Amino acid sequence: MSNFRNDSQLYTWLYRIATNESITFLNRKKQKNNISLDERADYDLAETLADSPYFDGDKAQMKLQKALLTLPEKQRLVFNMKYYDDLKYDEISEILGTSVGGLKASYHIAVKKIEDYLLNTD
Amino acid sequence: MNERDINLQKEAPTLAAIGNGIPFTVPSGYFEELSDILKSRVLVESMRPDDNPGFNVPQNYFEELSSRIENRASVENLRTLVPSDGFSLPEGYFAELSARIITRVENSLERKTPVRRLFTSLVSYAAAACITVMIATAIYYSSNTYNFNKQLSEIPDQEIINYLQAHSTAGDTPFIIENLNSGQMEAVTPDVSAEELELYINSTTL
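Residue numbers (my numbering), protein chains in the order written: chain D, 9 to 130; chain Z, 286 to 491.
Hints are computed from structural coordinates only; laboratory data are not their basis.
Please read all numbers here as calculations on a predicted model, not as lab measurements.
One or more of the hints may lead you astray.
Claimed, not checked - Just some of the chain D residues that point at chain Z, by a computed CB distance under 8 Å:
#1 Asn35
#2 Gln39
#3 Asp59
#4 Ala68
#5 Leu77
#6 Tyr91
#7 Leu95
#8 Asp98
#9 Tyr115
#10 Ile122
As the list claims (entries may be wrong) - Simulated DEER-style distance windows between Cβ atoms:
#11 Z:Leu319 with D:Asp94: 19 to 29 Å
#12 Z:Gln344 with D:Leu18: 34 to 44 Å
#13 D:Gln17 with Z:Glu288: 37 to 47 Å
#14 Z:Glu355 with D:Gln17: 16 to 26 Å
#15 Z:Ser352 with D:Gln17: 44 to 54 Å
#16 D:Tyr19 with Z:Ser352: 21 to 31 Å
#17 D:Gly109 with Z:Ala358: 19 to 29 Å
Every residue gets a Cβ at the ideal spot worked out from N, C-alpha and C, and that includes glycine.
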């Protein structure tokens, strides 16, 4: 809390910390498990998702989660923040340090890819 | 329906139909215990010394891990393809090894390195004997000469003169003349002139 400079909302500041720490944690985990290919890591996550005791969705939501795992990391982040957390582009820009225009493009592309995945995958 | 949902309906109707409900749950009591868990974690982190995280891995351990595992896998694969490396040990090698080592060590202790001297003891003794003889000889002669001179100096001069007059021979004359100086010559022949002496010498020369 002593590092909070009050130049943004507390919520976005905490969100940024949580995002960065989560990414760092996942990268360390990948490194320790000697997982070098992102496709392989995402495939393993998709496979374990079905067996996860904390997944509480239906088949469609499972498919959506698998579709998300096919996205690049940045696009996935933007989509999650926009779609699930309903953050504004300004807030997302503050958290990720990306321009609003770039975020809109990323979100638009992510939506398209997910739609294609949902339509073309069983 | 808000603007976002309207736009999503147009762009991705399948996605819009699924909805944005979060399909994940958390363990029971997660949020109730979260503050306590966070406080305890903060306390643990604060107690950890900065310079010693407890356990360290070698430098570049994770970076080289994949190549190290691949190399190990290749070696294991090679072993399955070539089970024998072509070398074998004689029968009973390890069983006799300790006894063989002990025997060899004992033999090496008994064996003494021969020491060859540059100069044998015989040559040393001979050299020492020669030197001793030379020194003894030198001492003997020097002591004889010394004794003779000492004895001679104790005899009065007149006795020596009387002896020489009684026992001199013709062969002693040149020797006597050689060792006489002019002063002594006048003492021996005070009444004889030089011309008479010369006449005598010329008449008696052989």
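We went through each hint and held it up to the structure:
1. This hint is violated: D:Asn35 has a C-beta 11 Å from the nearest C-beta of chain Z, more than the 8 Å allowed.
2. About 5 Å separates the beta-carbon of D:Gln39 from the nearest beta-carbon of chain Z, less than 8 Å, and the hint is met.
3. About 14 Å separates the beta-carbon of D:Asp59 from the nearest beta-carbon of chain Z, more than 8 Å, and the hint is not met.
4. A distance limit of 8 Å between C-beta atoms decides the matter here; for D:Ala68 the minimum to chain Z is near 5 Å, and the interface restraint holds.
5. A distance limit of 8 Å between C-beta atoms decides the matter here; for D:Leu77 the minimum to chain Z is near 14 Å, and the interface restraint is violated.
6. With 8 Å as the threshold, the beta carbon of D:Tyr91 comes within range of chain Z, its nearest partner Cβ sitting at about 5 Å, so the hint holds.
7. Taking 8 Å as the C-beta contact cut-off toward chain Z, the hint placing D:Leu95 at the interface is violated, the least distance being around 11 Å.
8. Interface hint status for D:Asp98: violated, as the beta-carbon distance to the closest one in chain Z is roughly 15 Å, over 8 Å.
9. At about 10 Å, the closest approach between the beta carbon of D:Tyr115 and any beta carbon in chain Z exceeds 8 Å, and the interface hint on this residue is violated.
10. The closest approach between the C-beta of D:Ile122 and any C-beta of chain Z is roughly 6 Å, which is under the 8 Å cut-off, so the hint is satisfied.
11. A beta carbon spacing of about 23 Å between Z:Leu319 and D:Asp94 agrees with the range 19 to 29 Å that was offered as a hint.
12. One distance hint, 34 to 44 Å for the beta-carbon pair Z:Gln344 and D:Leu18, holds here, with the actual separation near 39 Å.
13. Checked against the hint of 37 to 47 Å, the pair D:Gln17 and Z:Glu288 fails, with Cβ atoms roughly 22 Å apart.
14. Separation of Z:Glu355 from D:Gln17 is about 48 Å and departs from the stated range, judged on CB atoms against 16 to 26 Å.
15. Roughly 46 Å separates the CB atoms of Z:Ser352 and D:Gln17, a value that falls within the hinted 44 to 54 Å.
16. As the Cβ distance of D:Tyr19 to Z:Ser352 is approximately 44 Å, the hint placing it in 21 to 31 Å is violated.
17. Checked against the hint of 19 to 29 Å, the pair D:Gly109 and Z:Ala358 fails, with Cβ atoms roughly 47 Å apart.
Of the hints listed earlier, those the structure fails to meet are numbers 1, 3, 5, 7, 8, 9, 13, 14, 16, 17, in rising order.
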